[in-house]
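Engineer: Residue numbers (our numbering), protein chains in the order written: chain A, 8 to 271; chain B, 8 to 271; chain C, 8 to 271; chain D, 8 to 271.
I should point out that these hints are in silico values taken from the structure, not numbers from a laboratory.
Be careful, since some hints might not be right.
Chain copies aren't distinguished; within one or between two, either way the pair holds.
[Stated by the list, open to error] Taking lysine to aspartate or glutamate pairs in the DMTMM-like style, the calculated list, with each CA pair at most 25 angstroms apart, reads:
#1 K122 x E82
#2 K245 x D105
#3 K91 x E10
#4 K91 x D73
#5 K159 x D73
#6 K153 x E72
Chain by chain, the residues:
There are 4 protein chains.
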Amino acid sequence: MRENYWKVTQSGKAPKLNKPIFIEGLPGIGNVGKIAVDFLIDELKAKKLFEITSYTFPHSVFVNEDNLVELPVVEIFYRQFKNKSDVLLLGGDVQPIDEVSSYEFSDKILDLAQKQNVREIITLGGIGLSEIPKKPKVYCTGNSKKIVDAYKNDLVSNNLYGVVGPIVGVSGLLLGLASKRNINAVSLLAETYGHPMYLGIKGAKELLRVLESKFNYGIDLKKMSKEIIQVENELLKKTKEWLSEHVSSQAGATAKKQDTNYIG
Amino acid sequence: MRENYWKVTQSGKAPKLNKPIFIEGLPGIGNVGKIAVDFLIDELKAKKLFEITSYTFPHSVFVNEDNLVELPVVEIFYRQFKNKSDVLLLGGDVQPIDEVSSYEFSDKILDLAQKQNVREIITLGGIGLSEIPKKPKVYCTGNSKKIVDAYKNDLVSNNLYGVVGPIVGVSGLLLGLASKRNINAVSLLAETYGHPMYLGIKGAKELLRVLESKFNYGIDLKKMSKEIIQVENELLKKTKEWLSEHVSSQAGATAKKQDTNYIG
Amino acid sequence: MRENYWKVTQSGKAPKLNKPIFIEGLPGIGNVGKIAVDFLIDELKAKKLFEITSYTFPHSVFVNEDNLVELPVVEIFYRQFKNKSDVLLLGGDVQPIDEVSSYEFSDKILDLAQKQNVREIITLGGIGLSEIPKKPKVYCTGNSKKIVDAYKNDLVSNNLYGVVGPIVGVSGLLLGLASKRNINAVSLLAETYGHPMYLGIKGAKELLRVLESKFNYGIDLKKMSKEIIQVENELLKKTKEWLSEHVSSQAGATAKKQDTNYIG
Amino acid sequence: MRENYWKVTQSGKAPKLNKPIFIEGLPGIGNVGKIAVDFLIDELKAKKLFEITSYTFPHSVFVNEDNLVELPVVEIFYRQFKNKSDVLLLGGDVQPIDEVSSYEFSDKILDLAQKQNVREIITLGGIGLSEIPKKPKVYCTGNSKKIVDAYKNDLVSNNLYGVVGPIVGVSGLLLGLASKRNINAVSLLAETYGHPMYLGIKGAKELLRVLESKFNYGIDLKKMSKEIIQVENELLKKTKEWLSEHVSSQAGATAKKQDTNYIG
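The following block holds chain A by itself, in its conformation from the complex (with noise of 0.2 angstroms):
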């Protein structure tokens, strides 16, 4: 691990959770699973736990709405229960692009997660179509045979094999390296337009789906209305704009040009 590229910030006096559940949703295909995770965060009212920065992220700052910089950052947060398990809510602006990065990323999450006594981790992600899919289907893969067992229903399907490539990025490798520490971990996966600039709101509508089918949240599906979706837009413009960015090889600012996301 390069210890000095990765930044953990706590915010406030750590709580002591409850054997909590872990859920991964990152920018990727679709963007389904940082959809998901960003209105959850929202609506359990989910506190900040921490603030990851990193030199592998990409060496710029966004102009927010009050005309000041924000560096691009990963973040944690926490929602208690007493009925039910609590649980950690990973999101964030960007996801690290490269092999190395990726997995220091991944180790560095499960050494927080392994902090909080993680009871099972959830990854979120998308399966990219060609085209848009009408009813995004949910299938699911993990590291153990008891959890895919557990997730598996009539709303999220298990016969991945032979349906995906393999499964890049966090929400992958989490599974993979959560095996090695003895913590199980599922992966929820969504079907949804593979086109970079698309919003697979559909697809993150039937993550949500599933996980409130599991844990009753009592989180509200209707509320994904155009509303939350201009306000999930523009999260989205500024991971597309820090992605974009690597093309560019000058630094300083681009004027921005209209562009228009496609929304499903």
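Starting from the known structure of chain A, arrange chains B, C and D on it as the hints suggest.
Structural biologist: Frame of chain A; chains B, C and D shown alone:
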């Protein structure tokens, strides 16, 4: 930090600076930041304090007009004043281009700035437009409401939100990373033409006009004449050739082609 | 060596091996080395000794036929014999692709081999031709005249000079680096078709024929039937998808397209 | 310095050298530096002192005419004289190609040179033209006025300013980095054809003519006959194949195509 990738050499004895302002202007879009800082160093007869070389800079040397070679360097100059804040000026031939090097460089610069008890940081950069602006506007953003409010006036707009994408490179990172050290930092960005061969003299002049109105350095903007432009043109050729070198895969030198810079 | 980039996990108690032969066959041109070693592991009922994962391997997981995820791994198997040298077999899903990782991996493998008192090293690889060879020839080269002479016979030509360019990757580096440790090492290279989707079953068979004539393992080459080919085809899809993943810039999974491998 | 990326092996007992001249000639534009130094090593019957391998060199081996493999190496030779300065000669198969490796290698070389009390450093390189020069001119530049003045004469022009862009790679960096150690260093650059397959024999001859006029080594330039060219052609094929390997993404060997070098 890969400490051994960076070499900072101090020139002479360090002065005792009185809570200096730190102004950065490195090569970037339209090179407006570099042109403005190079002009300031010259006008203020600033003295060299630090020279920075790096294993992450181009692996090449340049032949100067004395037919001697020079490594690519970044330099920090200073100028002391009796009746106002001292100033530190960061200029140079290049800036780091990959993520990790850009973060490391920016943190290294902040280390040096903090040792000098820097009061606030101003980064200068360009906003690349798709055509040459007739009268370049200057915008500002920063890492606190306080400093942004202090810099916006009739010459400077702070309505940057939605106008530009991310601010890439050292001009952006210095703001984001300074925030974690509780140092106020602002970025002044002038509109310029986004073409790689463009010398944004007009944009640089607008940046200097803003600095002059704020600090009354007594710099003579009319001096940004053809003659000055010629000198700057030579300086920038160095930067461009160093950058274009990356395309070449063969060690050695290449005979110069006549290249014309767009000056404006 | 970036020690923390490599993780070696031992399976069970280490056997006491008697000056074993070490045979390497990882994915590469025509995959002849991988196919041959996978077949040997199976035929010899070899037992797993080490599993190697690395931060330099693809940052993704694969969904296996049990619908569970697997990290990309490289493995070392062993088989003990009563009347001949024991054997260590190195196979796996991937091999490192950049310079530093390839050198580090090879030195790491030699460390493990030396601890097992390895007697000599055999690497298996392909010589990519521009068309499918009818009867693939096998060539050998090595890091000492003694070992090359010991392997050349009527099945193997050592007239490799001028026939091929550099031997790229682990099959080549193991020879060069073993030389510095005074370990004899030889490379057996079978002609194969250089197309990325080609499964060089015929070339692998010729490599196995050479090994069988030398060591009399009692392996049944006729078993390299359609059925075996089908299994190997599945294994290799994993490798190919992991490699093609590098093209993708988005995290997540992608729905499989039907791809046909050329088998020969 | 990533010390473990570099391995320096000494050949035999170190001689006591008397303030030697250090001459570098590695592969690069037109390969004029490499050709000149290889010829010098041969003509002076220089003895090997150091062999350098590196994790940053191509991850492959070459099959030599004895059908044995060789790792890519860089070597330092020496020759002692009674009536003039001893000489150290740096030649090899490759030179590092990325920024950090090129800086590290150059600093490593300067460490070795300083331990031998090197008096001054001469790097040999090419100036790539867009066509084959009839009579290649030789230029010099350096890191001090003193050494440039010492080398310019009727065979060598020092009017290099404005003639070439940056001097890329080890030939340039050695000058820049030697300056920081107060070692005088000069670069002799011969015009040559910039095509990757070109062997700049004529340019190399002009470099040797300059060295001979300066040091009177008694080398016979007429020996740069067809025969010598043939040998050099073979040596350079190695370099070219190692470099072109980078294009290939598959491990293994590739059957040679008949390639013709342009010799001039």
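Engineer: All hints, please: hold or fail.
Structural biologist: Structure-based check of all given hints:
| no. | hint | result |
| --- | --- | --- |
| 1 | K122 x E82 | within (16 angstroms within a copy, 31 angstroms between copies) |
| 2 | K245 x D105 | both (20 angstroms within a copy, 19 angstroms between copies) |
| 3 | K91 x E10 | neither (35 angstroms within a copy, 41 angstroms between copies) |
| 4 | K91 x D73 | neither (38 angstroms within a copy, 30 angstroms between copies) |
| 5 | K159 x D73 | between (44 angstroms within a copy, 14 angstroms between copies) |
| 6 | K153 x E72 | between (46 angstroms within a copy, 15 angstroms between copies) |
This entry does not satisfy hints 3, 4, going by the numbered hints stated previously.
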